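J.: Based on the provided sequences and hints, a complete structural model is requested.
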Amino acid sequence: MISYGKTDIGMCRNMNQDCIFFSDKSIGNLPNLYIVADGMGGHQAGDYASAHAVSWFVEYVRDCDYVNPITIIKTGIAKVNDRLYQMSAEHSELRGMGTTFVAAVIVGNKLYVANVGDSRMYVVGDDIRQITLDHSLVEELIRTGQLERRKVRFHPEKNIITRALGTAREAVPDFFEVELKDNEKLLLCSDGLTNMIEDDEIAMIINRNPHMDKCCEELIERANYYGGKDNIGVVVVKQTVNEV
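Going by our numbering, the residue at position 81 of the sequence shown is 388; the numbering climbs one at a time, nothing skipped.
Quick caveat, the hints were computed from the structure, so don't treat them as lab data.
Check before you lean on any hint, since a few could be wrong.
Below, simulated BS3-like cross-link-like pairs (lysine-lysine); rule was C-alpha separation at most 30 angstroms, straight line [as the list claims (entries may be wrong)]: (1) Lys488 / Lys521; (2) Lys488 / Lys536; (3) Lys521 / Lys536; (4) Lys521 / Lys313; (5) Lys536 / Lys313; (6) Lys386 / Lys332; (7) Lys488 / Lys313; (8) Lys488 / Lys545; (9) Lys386 / Lys417; (10) Lys488 / Lys417; (11) Lys488 / Lys332; (12) Lys417 / Lys536; (13) Lys545 / Lys332; (14) Lys386 / Lys521; (15) Lys488 / Lys381; (16) Lys417 / Lys381; (17) Lys417 / Lys521; (18) Lys521 / Lys545; (19) Lys313 / Lys545; (20) Lys313 / Lys386; (21) Lys417 / Lys313; (22) Lys313 / Lys332; (23) Lys381 / Lys313; (24) Lys332 / Lys536; (25) Lys332 / Lys521.
These numbers come from a predicted model, not from an experiment.
T.: Quick look at the structure:
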(Lines of atoms letter the chains of each structure in order from A and count residues from 1; the text may use other names and numbers.)
(Lines give C-alpha, C1' and ligand atoms only; values in the text may rest on other atoms or scores of the structure.)
Protein backbone atom coordinates (compact mmCIF):
# COMPACT_ATOMS: atom_id res chain seq x y z
CA MET A 1 0.00 0.00 0.00
CA ILE A 2 1.15 3.52 -0.80
CA SER A 3 -0.94 6.40 0.48
CA TYR A 4 -0.88 10.14 0.86
CA GLY A 5 -3.30 12.65 2.32
CA LYS A 6 -3.69 16.39 2.55
CA THR A 7 -6.15 19.00 3.79
CA ASP A 8 -6.65 22.55 2.58
CA ILE A 9 -8.60 25.48 3.99
CA GLY A 10 -10.16 26.24 0.60
CA MET A 11 -10.89 29.67 -0.79
CA CYS A 12 -13.77 30.83 1.41
CA ARG A 13 -13.24 29.58 4.99
CA ASN A 14 -11.16 31.17 7.74
CA MET A 15 -10.51 27.87 9.56
CA ASN A 16 -9.70 24.33 8.44
CA GLN A 17 -12.02 21.87 10.20
CA ASP A 18 -11.06 18.84 8.10
CA CYS A 19 -8.75 16.25 9.65
CA ILE A 20 -7.18 13.16 8.09
CA PHE A 21 -5.09 10.13 9.04
CA PHE A 22 -3.31 7.62 6.82
CA SER A 23 -0.99 4.75 7.66
CA ASP A 24 0.17 1.94 5.39
CA LYS A 25 1.67 0.20 8.42
CA SER A 26 -0.25 -1.65 11.09
CA ILE A 27 -2.11 0.23 13.79
CA GLY A 28 -2.88 -2.20 16.59
CA ASN A 29 -4.51 -5.24 15.00
CA LEU A 30 -5.36 -3.42 11.77
CA PRO A 31 -2.80 -3.81 8.95
CA ASN A 32 -3.41 -0.22 7.77
CA LEU A 33 -5.84 2.62 8.44
CA TYR A 34 -7.24 5.61 6.54
CA ILE A 35 -9.58 8.30 7.91
CA VAL A 36 -11.20 11.57 6.83
CA ALA A 37 -13.28 13.68 9.24
CA ASP A 38 -15.07 16.96 8.51
CA GLY A 39 -15.94 18.94 11.63
CA MET A 40 -18.95 21.14 12.21
CA GLY A 41 -19.75 23.66 14.92
CA GLY A 42 -19.02 27.24 15.83
CA HIS A 43 -15.48 28.63 15.83
CA GLN A 44 -13.22 26.03 17.52
CA ALA A 45 -15.92 23.37 18.02
CA GLY A 46 -15.76 21.81 14.55
CA ASP A 47 -11.98 21.81 14.59
CA TYR A 48 -12.03 20.15 18.02
CA ALA A 49 -14.56 17.53 16.93
CA SER A 50 -12.73 16.34 13.81
CA ALA A 51 -9.21 16.46 15.29
CA HIS A 52 -10.16 14.63 18.47
CA ALA A 53 -12.37 12.11 16.68
CA VAL A 54 -9.38 11.08 14.56
CA SER A 55 -6.83 11.06 17.39
CA TRP A 56 -9.11 9.23 19.83
CA PHE A 57 -10.04 6.65 17.21
CA VAL A 58 -6.40 5.94 16.32
CA GLU A 59 -5.55 5.72 20.01
CA TYR A 60 -8.38 3.23 20.55
CA VAL A 61 -7.30 1.07 17.59
CA ARG A 62 -3.71 0.94 18.85
CA ASP A 63 -4.83 -0.43 22.22
CA CYS A 64 -7.76 -2.57 21.06
CA ASP A 65 -7.67 -6.34 21.67
CA TYR A 66 -10.29 -7.18 19.04
CA VAL A 67 -9.11 -8.76 15.80
CA ASN A 68 -12.10 -8.46 13.45
CA PRO A 69 -11.77 -5.16 11.54
CA ILE A 70 -15.50 -4.40 11.58
CA THR A 71 -15.63 -4.96 15.34
CA ILE A 72 -12.62 -2.69 15.86
CA ILE A 73 -14.09 0.08 13.73
CA LYS A 74 -17.59 -0.25 15.18
CA THR A 75 -16.47 -0.15 18.82
CA GLY A 76 -13.99 2.64 18.07
CA ILE A 77 -16.68 4.83 16.53
CA ALA A 78 -18.94 4.22 19.53
CA LYS A 79 -16.17 5.19 21.96
CA VAL A 80 -15.33 8.35 20.02
CA ASN A 81 -18.98 9.36 19.81
CA ASP A 82 -19.38 8.92 23.58
CA ARG A 83 -16.40 11.16 24.31
CA LEU A 84 -17.43 13.87 21.86
CA TYR A 85 -21.01 13.88 23.15
CA GLN A 86 -19.79 14.14 26.74
CA MET A 87 -17.40 16.98 25.95
CA SER A 88 -20.17 18.83 24.12
CA ALA A 89 -22.43 18.51 27.17
CA GLU A 90 -19.76 19.62 29.65
CA HIS A 91 -18.26 22.58 27.77
CA SER A 92 -20.47 25.37 26.48
CA GLU A 93 -17.94 26.46 23.84
CA LEU A 94 -18.15 22.97 22.31
CA ARG A 95 -21.92 22.63 22.46
CA GLY A 96 -23.46 21.45 19.19
CA MET A 97 -20.19 20.23 17.73
CA GLY A 98 -19.99 17.16 15.54
CA THR A 99 -18.00 15.61 12.74
CA THR A 100 -18.43 13.37 9.76
CA PHE A 101 -16.21 10.31 9.79
CA VAL A 102 -15.17 7.80 7.15
CA ALA A 103 -12.63 5.09 8.00
CA ALA A 104 -11.22 2.27 5.91
CA VAL A 105 -8.88 -0.69 6.27
CA ILE A 106 -7.61 -3.12 3.62
CA VAL A 107 -7.13 -6.75 4.64
CA GLY A 108 -5.83 -8.87 1.76
CA ASN A 109 -8.13 -8.05 -1.13
CA LYS A 110 -10.99 -6.92 1.11
CA LEU A 111 -11.82 -3.29 1.81
CA TYR A 112 -13.74 -2.58 5.01
CA VAL A 113 -15.34 0.85 5.30
CA ALA A 114 -17.51 2.66 7.83
CA ASN A 115 -19.01 6.13 7.51
CA VAL A 116 -21.11 8.60 9.43
CA GLY A 117 -22.14 11.77 7.61
CA ASP A 118 -21.30 12.81 4.06
CA SER A 119 -17.56 12.29 3.80
CA ARG A 120 -17.08 9.61 1.16
CA MET A 121 -15.11 6.57 0.07
CA TYR A 122 -14.56 5.84 -3.62
CA VAL A 123 -12.87 2.97 -5.44
CA VAL A 124 -11.25 4.07 -8.69
CA GLY A 125 -10.17 1.68 -11.45
CA ASP A 126 -11.62 1.40 -14.91
CA ASP A 127 -14.50 3.43 -13.50
CA ILE A 128 -15.24 5.30 -10.27
CA ARG A 129 -17.54 3.77 -7.66
CA GLN A 130 -18.88 5.60 -4.64
CA ILE A 131 -18.90 3.01 -1.87
CA THR A 132 -20.44 5.01 0.95
CA LEU A 133 -23.89 6.60 0.96
CA ASP A 134 -24.21 10.14 2.26
CA HIS A 135 -26.14 10.67 5.47
CA SER A 136 -27.65 13.90 4.23
CA LEU A 137 -31.01 15.51 3.58
CA VAL A 138 -30.58 15.49 -0.19
CA GLU A 139 -29.60 11.81 -0.19
CA GLU A 140 -32.80 11.03 1.71
CA LEU A 141 -34.75 13.01 -0.89
CA ILE A 142 -33.07 11.00 -3.66
CA ARG A 143 -33.84 7.68 -1.97
CA THR A 144 -37.50 8.60 -1.62
CA GLY A 145 -37.74 9.78 -5.21
CA GLN A 146 -38.25 13.47 -4.37
CA LEU A 147 -35.02 14.67 -5.99
CA GLU A 148 -33.00 13.70 -9.07
CA ARG A 149 -29.34 12.99 -8.38
CA ARG A 150 -28.19 15.29 -11.19
CA LYS A 151 -29.74 18.23 -9.30
CA VAL A 152 -27.94 17.58 -6.00
CA ARG A 153 -24.94 19.85 -6.61
CA PHE A 154 -27.13 22.96 -6.78
CA HIS A 155 -29.66 22.07 -4.10
CA PRO A 156 -29.83 24.82 -1.41
CA GLU A 157 -29.84 22.26 1.43
CA LYS A 158 -27.10 19.96 0.11
CA ASN A 159 -24.91 20.60 3.18
CA ILE A 160 -27.46 19.45 5.75
CA ILE A 161 -26.32 16.12 7.16
CA THR A 162 -28.56 13.71 9.05
CA ARG A 163 -25.89 11.83 11.03
CA ALA A 164 -22.63 12.89 12.65
CA LEU A 165 -20.36 11.85 15.49
CA GLY A 166 -20.90 13.71 18.75
CA THR A 167 -24.39 15.08 18.09
CA ALA A 168 -26.40 12.26 19.68
CA ARG A 169 -25.92 9.66 22.41
CA GLU A 170 -25.60 6.91 19.83
CA ALA A 171 -23.74 6.96 16.51
CA VAL A 172 -25.16 4.85 13.68
CA PRO A 173 -22.46 4.16 11.06
CA ASP A 174 -22.98 2.27 7.83
CA PHE A 175 -20.55 -0.54 7.00
CA PHE A 176 -19.37 -1.77 3.62
CA GLU A 177 -17.22 -4.71 2.52
CA VAL A 178 -15.76 -4.53 -0.98
CA GLU A 179 -13.61 -6.98 -2.93
CA LEU A 180 -10.79 -5.08 -4.57
CA LYS A 181 -9.20 -5.76 -7.93
CA ASP A 182 -5.53 -5.39 -8.73
CA ASN A 183 -4.24 -1.82 -9.09
CA GLU A 184 -7.45 -0.11 -7.98
CA LYS A 185 -7.01 3.11 -6.02
CA LEU A 186 -9.03 4.38 -3.09
CA LEU A 187 -10.18 7.89 -2.28
CA LEU A 188 -11.50 9.10 1.04
CA CYS A 189 -12.63 12.72 0.98
CA SER A 190 -14.75 15.42 2.54
CA ASP A 191 -17.57 17.17 0.70
CA GLY A 192 -15.25 20.11 0.08
CA LEU A 193 -13.91 18.01 -2.78
CA THR A 194 -17.07 16.34 -4.09
CA ASN A 195 -19.16 19.53 -4.02
CA MET A 196 -16.62 21.14 -6.35
CA ILE A 197 -15.55 18.37 -8.75
CA GLU A 198 -17.63 15.86 -10.69
CA ASP A 199 -16.86 12.17 -10.13
CA ASP A 200 -15.60 11.67 -13.70
CA GLU A 201 -12.98 14.39 -13.31
CA ILE A 202 -11.94 13.00 -9.92
CA ALA A 203 -11.36 9.61 -11.57
CA MET A 204 -9.38 11.18 -14.42
CA ILE A 205 -7.08 13.01 -11.99
CA ILE A 206 -6.51 9.89 -9.88
CA ASN A 207 -5.87 7.61 -12.85
CA ARG A 208 -3.37 9.90 -14.58
CA ASN A 209 -1.26 10.50 -11.46
CA PRO A 210 1.02 7.58 -10.48
CA HIS A 211 2.25 9.47 -7.40
CA MET A 212 -0.23 9.82 -4.56
CA ASP A 213 1.14 13.16 -3.33
CA LYS A 214 0.74 14.74 -6.77
CA CYS A 215 -2.71 13.22 -7.02
CA CYS A 216 -3.86 14.84 -3.75
CA GLU A 217 -2.35 18.17 -4.70
CA GLU A 218 -4.11 18.23 -8.07
CA LEU A 219 -7.47 17.25 -6.56
CA ILE A 220 -7.21 20.13 -4.08
CA GLU A 221 -5.97 22.52 -6.76
CA ARG A 222 -8.97 21.73 -8.97
CA ALA A 223 -11.45 22.04 -6.09
CA ASN A 224 -10.05 25.49 -5.34
CA TYR A 225 -10.09 26.39 -9.04
CA TYR A 226 -13.83 25.70 -9.09
CA GLY A 227 -14.41 27.92 -6.08
CA GLY A 228 -13.04 26.12 -3.01
CA LYS A 229 -16.20 26.88 -1.04
CA ASP A 230 -15.28 24.59 1.86
CA ASN A 231 -12.30 22.92 3.48
CA ILE A 232 -10.94 20.04 1.43
CA GLY A 233 -9.68 16.78 2.90
CA VAL A 234 -8.39 13.91 0.76
CA VAL A 235 -6.59 10.61 1.29
CA VAL A 236 -5.61 8.54 -1.76
CA VAL A 237 -4.42 4.94 -1.48
CA LYS A 238 -2.72 2.86 -4.17
CA GLN A 239 -2.74 -0.86 -3.59
CA THR A 240 -1.94 -4.01 -5.50
CA VAL A 241 -3.75 -7.21 -4.68
CA ASN A 242 -4.23 -10.42 -6.59
CA GLU A 243 -7.68 -10.95 -8.05
CA VAL A 244 -9.51 -13.94 -6.70
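J.: Check whether the Cα positions of Lys488 and Lys521 lie no farther apart than 30 angstroms.
T.: Holds, at roughly 23 angstroms.
J.: Can you confirm whether the C-alpha distance between Lys536 and Lys313 stays at or below 30 angstroms?
T.: Within the cut-off at roughly 17 angstroms; holds.
J.: Verify the proposed pairing of Lys417 with Lys536, using a straight-line Cα cut of 30 angstroms.
T.: violated, 34 angstroms
J.: With a cut-off of 30 angstroms on the C-alpha distance, tell me whether Lys313 and Lys545 pass.
T.: holds, 15 angstroms
J.: Given the proposed pairing of Lys488 with Lys417, does the C-alpha separation stay at or below 30 angstroms?
T.: holds, 9 angstroms
J.: Lys521 and Lys313: Cα distance at most 30 angstroms?
T.: holds, 10 angstroms
J.: Take a quick look at whether Lys488 and Lys381 sit within 30 angstroms of each other, Cα to Cα.
T.: Status holds; Cα separation ~25 angstroms.
J.: Taken at face value, is the distance from the CA of Lys536 to the CA of Lys521 at most 30 angstroms?
T.: Answer holds: Lys521 to Lys536 is near 22 angstroms, not above 30 angstroms.
J.: Can the restraint linking Lys545 and Lys332 be considered satisfied, given a maximum Cα separation of 30 angstroms?
T.: holds, 14 angstroms
J.: Holds or violated: Lys488 with Lys536, Cα cutoff 30 angstroms?
T.: violated, 34 angstroms
J.: Measure nothing beyond the straight line between the CA atoms of Lys417 and Lys381; if it is 30 angstroms or shorter, mark the hint as holding.
T.: holds, 17 angstroms
J.: Would the pair Lys381 and Lys313 pass a check requiring their Cα atoms to be no farther apart than 30 angstroms?
T.: Cα-Cα ~25 angstroms, so holds.
The structure is inconsistent with the numbered hints 2, 12, 14 and 24, although it conforms to all the rest.
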